[in-house]
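With the hints as a guide, dock the two chains, each given alone in a separate frame, to form the complex.
Chain by chain, the residues run as shown.
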Amino acid sequence: DVKVTQSSRYLVKRTGEKVFLECVQDMDHENMFWYRQDPGLGLRLIYFSYDVKMKEKGDIPEGYSVSREKKERFSLILESASTNQTSMYLCASMKGGSNQPQHFGDGTRLSIL
Amino acid sequence: AQSVTQLGSHVSVSEGALVLLRCNYSSSVPPYLFWYVQYPNQGLQLLLKYTTGATLVKGINGFEAEFKKSETSFHLTKPSAHMSDAAEYFCAVSNSNSGYALNFGKGTSLLVTP
Chain H
1 DVKVTQSSRY LVKRTGEKVF LECVQDMDHE NMFWYRQDPG LGLRLIYFSY DVKMKEKGDI
61 PEGYSVSREK KERFSLILES ASTNQTSMYL CASMKGGSNQ PQHFGDGTRL SIL
Chain C
1 AQSVTQLGSH VSVSEGALVL LRCNYSSSVP PYLFWYVQYP NQGLQLLLKY TTGATLVKGI
61 NGFEAEFKKS ETSFHLTKPS AHMSDAAEYF CAVSNSNSGY ALNFGKGTSL LVTP
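Residue numbers (this note's numbering), protein chains in the order written: chain H, 1 to 113; chain C, 1 to 114.
So here's chain C without its partners, still in its complex pose (with noise of 0.2 Å):
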C-alpha cells in the first residue's frame, strides 16, 4: 500500500517569497508522484509529475518538485509567490502495484498575502 502525508494544512507567504510545501510519501516499490492545484469551486489540475528519470521534475506556472528517494519526499516550491498561486495543492502517489489507484493527501491550503 501507498500513502501521502503533506506536512501543514495552511501555509502562508508573502508575495514574491519562496514557496514550499511538503509531501512525504511511503510506497513498497518506485513511486509516481504528482502535484495537483485546486481553484476555488474548480477540479483538480495537474502541475506535475514524476515518473522516472530525473528527480528534479518541472511543471506549470513555475512550480517544480524533486523527488528525494533517501528522503522519501516530494516537496513542490515556486521562486517567487504570486497572489493567483492561492489555492489548495495536493500530492497523490501510486505505483505499479496499486492498480489504478492514487492516493491522495489531505492538502495544504497557500494563502498569499500582498
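Chain H on its own, in the form it takes in the complex (with noise of 0.2 Å):
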C-alpha cells in the first residue's frame, strides 16, 4: 500500500511566521500536491510537482510556496502566516498520468493565531 506521511497532525502558529509542512511518500511517485480543505469549498489545490525541483501552481498559490529537492518529500511553505491560511492541508501523490488516482496522507490541520 501507498503510504504518504505527513509530519505534523496538529500545528498552532502565530501571524507572520515561516511555516513549514512536509509530506514523504513511500510509492516512488512522480507527482505530488498540496491541497487545502475547508469546510463547504471542498479541496483546493495550492501546488503540485511532476519531478524533483519542477512545481506547478495550483488554483490557490498566493501566499505559499513549495519545495521538492528529493523525489519523496514535498513542503508546503507559508512565507508570512496569516489567520486566513487556518485550514487543514492534505499532500497527496500520484503515479504515472491523469487516470491514476491520487493517495492522500491524514492530513495537518493548521491554526494560525
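Please note that a few of the clues may not be correct.
Stated by the list, open to error - Straight-line Cα separation of at most 27 Å, DSS-like style, residue types lysine-lysine; simulated pairs:
| id | chain 1 | residue 1 | chain 2 | residue 2 |
| --- | --- | --- | --- | --- |
| 1 | C | Lys-49 | H | Lys-3 |
| 2 | H | Lys-95 | C | Lys-106 |
| 3 | H | Lys-95 | C | Lys-49 |
To be verified - Partner residues aside, some chain H positions facing chain C, computed with beta carbon under 8 Å:
| id | residue |
| --- | --- |
| 4 | Phe-48 |
| 5 | Pro-61 |
| 6 | Gln-102 |
| 7 | Asp-106 |
Unchecked claim - If you want the ones that stay clear, here's a sample from chain H, every Cβ over 10 Å from chain C, calculated:
| id | residue |
| --- | --- |
| 8 | Ser-7 |
| 9 | Phe-20 |
| 10 | Leu-45 |
| 11 | Leu-90 |
| 12 | His-103 |
| 13 | Ser-111 |
None of these hints come from the bench; they were simulated from the model. Computed from a predicted structure; not experimentally measured. We put the CB at the ideal spot given by N, CA and C, even for glycine.
Written as C-alpha cells, this is what we have:
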C-alpha cells in the first residue's frame, strides 16, 4: 500500500511566522500535490510537482511556496502566515498520468493565531 | 476544463437503507472519475474509479458507481447503509487533457441514523 506521511497532524503558529509543512511518500511516485480543505469549499489545489525541483501553481497559490529537493518529499511553505490560512492541509501523491488515483496523507490541521 | 457538481451537501439515511450520493461532471473529452471517502480527522481514501471499460464500477466497502455518459453522471450507491459509512464523500474528475489536475466536488456529508 502507498504510504503518504504528513509530519504533523496538528500545528499552531502565530501570524507572520514562516511555516513548513512536510510530506513524504514511499512509493516512488513522480507527482505530488498540496491541497487545502475548508468547509463548504471542498479541496482546492495549492501547488503540485511532477518531478524533482519542478513545480506548478494550482488554483490558490498566493501566500504559499513549495520545495521538492528529493522525489519522496514535498514541502509546503507559508512565507508569512496569516489567519486566513487556518485550514486543513492535505498532501497527495500519484504515479503516472491523469487516469491514476491520488493517494492522500492524513492531513495537517493548521491554526494561525 | 472539467468540473464536478455534487447534489446535496448533506444526506441522511437510516441504517439498512439505500445510499445514493449524486455526482454530475462536465468534461470536454472522456472523463476519468473517482469517488473518495473521508472519515473524521483523516485523509481521503479511494473508494472506486472509472477510467475506461465497464461502466458499472465496484469499490470497497460494498459501494458501486455507474458511469452514464448520456446523463454526465457518476452516482455512488450502496444497497444497505451501515453506521460505519457515516463520512464525507467526494467525487472528482480528470481527463487526458487536464495534466495532473484532479477537480473535486464540494463533498457530501453522509449521516446514518439507527
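How the hints compare with the structure:
1. For the hint pairing Lys-49/C with Lys-3/H, the CA-to-CA distance comes to about 19 Å; that is within 27 Å, so the pair holds.
2. Between Lys-95/H and Lys-106/C the alpha-carbon distance is near 24 Å, which keeps this suggested pair within the 27 Å criterion.
3. At roughly 15 Å between alpha-carbon atoms, Lys-95/H and Lys-49/C fall within 27 Å of each other, so this suggested pair holds.
4. With a least beta-carbon distance of about 6 Å to chain C, the hint placing Phe-48/H at the interface is held under the 8 Å criterion.
5. For Pro-61/H, the interface hint is violated, the least distance from its beta-carbon to any beta-carbon of chain C being 13 Å, above 8 Å.
6. Using the Cβ-Cβ criterion of 8 Å, the hint placing Gln-102/H at the interface with chain C is satisfied: the shortest such distance is roughly 6 Å.
7. Annotation: interface hint on Asp-106/H holds; nearest CB of chain C at approximately 5 Å, less than 8 Å.
8. No Cβ of chain C approaches the Cβ of Ser-7/H within 10 Å, the least distance being about 14 Å, so the stated non-interface status holds.
9. Remark: the non-interface label on Phe-20/H is consistent with the geometry, its nearest Cβ contact in chain C lying 19 Å away (cut-off 10 Å).
10. Against the 10 Å criterion, Leu-45/H falls within the reach of chain C, whose nearest CB is about 7 Å from its own CB.
11. Chain C draws Leu-90/H into its interface by the beta-carbon criterion, the shortest separation being 6 Å against a cut-off of 10 Å.
12. Consistency note on His-103/H: stated as away from chain C, yet its beta-carbon is not over 10 Å from all of that chain's, at 7 Å minimum.
13. A cut-off of 10 Å between C-beta atoms confirms that Ser-111/H is not in contact with chain C; the least separation is 14 Å.
Checked against the numbered hints above, the structure violates hints 5, 10, 11 and 12; every other hint is satisfied.
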